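Protein chains in written order, with our numbering: chain S, 1 to 114; chain F, 1001 to 1111.
If you are wondering where the hints come from, they were derived from the structure by calculation, not from laboratory data. This structure is a prediction, so every number in the text was calculated from the model and none was measured. Even for Gly, the Cβ is constructed at its ideal location relative to N, Cα and C. Be aware that a few hints might be false.
Unchecked claim - Some chain F residues near chain S, calculated using beta-carbon distances under 7 Å:
| # | residue |
| --- | --- |
| 1 | Phe1039 |
| 2 | Pro1044 |
| 3 | Ile1048 |
| 4 | Lys1068 |
| 5 | Arg1103 |
Below are the chains, spelled out letter by letter.
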Amino acid sequence: DSGVTQTPKHLITATGQRVTLRCSPRSGDLSVYWYQQSLDQGLQFLIQYYNGEERAKGNILERFSAQQFPDLHSELNLSSLELGDSALYFCASSEAGRRGEKLFFGSGTQLSVL
Amino acid sequence: QQQVKQSPQSLIVQKGGISIINCAYENTAFDYFPWYQQFPGKGPALLIAIRPDVSEKKEGRFTISFNKSAKQFSLHIMDSQPGDSATYFCAASRGSYIPTFGRGTSLIVHP
């Protein structure tokens, strides 16, 4: 068990809808990362937060947004969903977001857009 | 542009054999190269990592070989076991500490 908790584990929704994925980092970790995993693209970095503030942005669509709350949990909001957004979304956390720091991944949220 | 290219996409090995997964990178500023292991239904977990100041790092049956001049690194799994069956991701990061992942290799070890 990595100590990172993601909810829900599975999410089925329709195109055009909006969903929220939730992540609780390991106790003491200040940095949270969101990744999207699909068969054709592998693990794609979306966005990183450190202690409530956005630190780095990757291939995140404008329809997607995220935030990290004062208790350090994070939420990834996906709106105007399209079929192509179906993927496994992972949250990871690390102690301070420093270079070479070990990432601890949650078990992911499987999103299916029908 | 894919900064870390991983091959093969899938690999089937007999128990006791050697599994070899290769990665190549383009950005010479990368200075940290971790490998992650992912079992079905789980998130990736750090397996082993190397920095470019060494050419090889070994932990148990797992070895990373690093060739800085060729910008390549590889994971060798000696005496492969069915329990090693998983997806393996190589990654690379630089000063921005966001690892860029390869597309993954699905390893199946037959008993």
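Taking the hints in turn, this is what the structure says about them:
1. The beta carbon of F:Phe1039 is not positioned within 7 Å of any beta carbon in chain S (closest approach about 10 Å), and the interface hint is therefore violated.
2. At a threshold of 7 Å, the smallest CB-CB gap from F:Pro1044 to chain S is about 5 Å, leaving the interface hint in force.
3. The interface hint given for F:Ile1048 is violated, since its Cβ lies 11 Å from the closest Cβ of chain S, which is over the 7 Å cut-off.
4. Taking 7 Å as the C-beta contact cut-off toward chain S, the hint placing F:Lys1068 at the interface is violated, the least distance being around 17 Å.
5. Nearest Cβ of chain S to the Cβ of F:Arg1103: about 3 Å, under the 7 Å cut. The hint holds.
Going down the numbered hints, you'll see the structure goes against 1, 3, 4, while the others check out.
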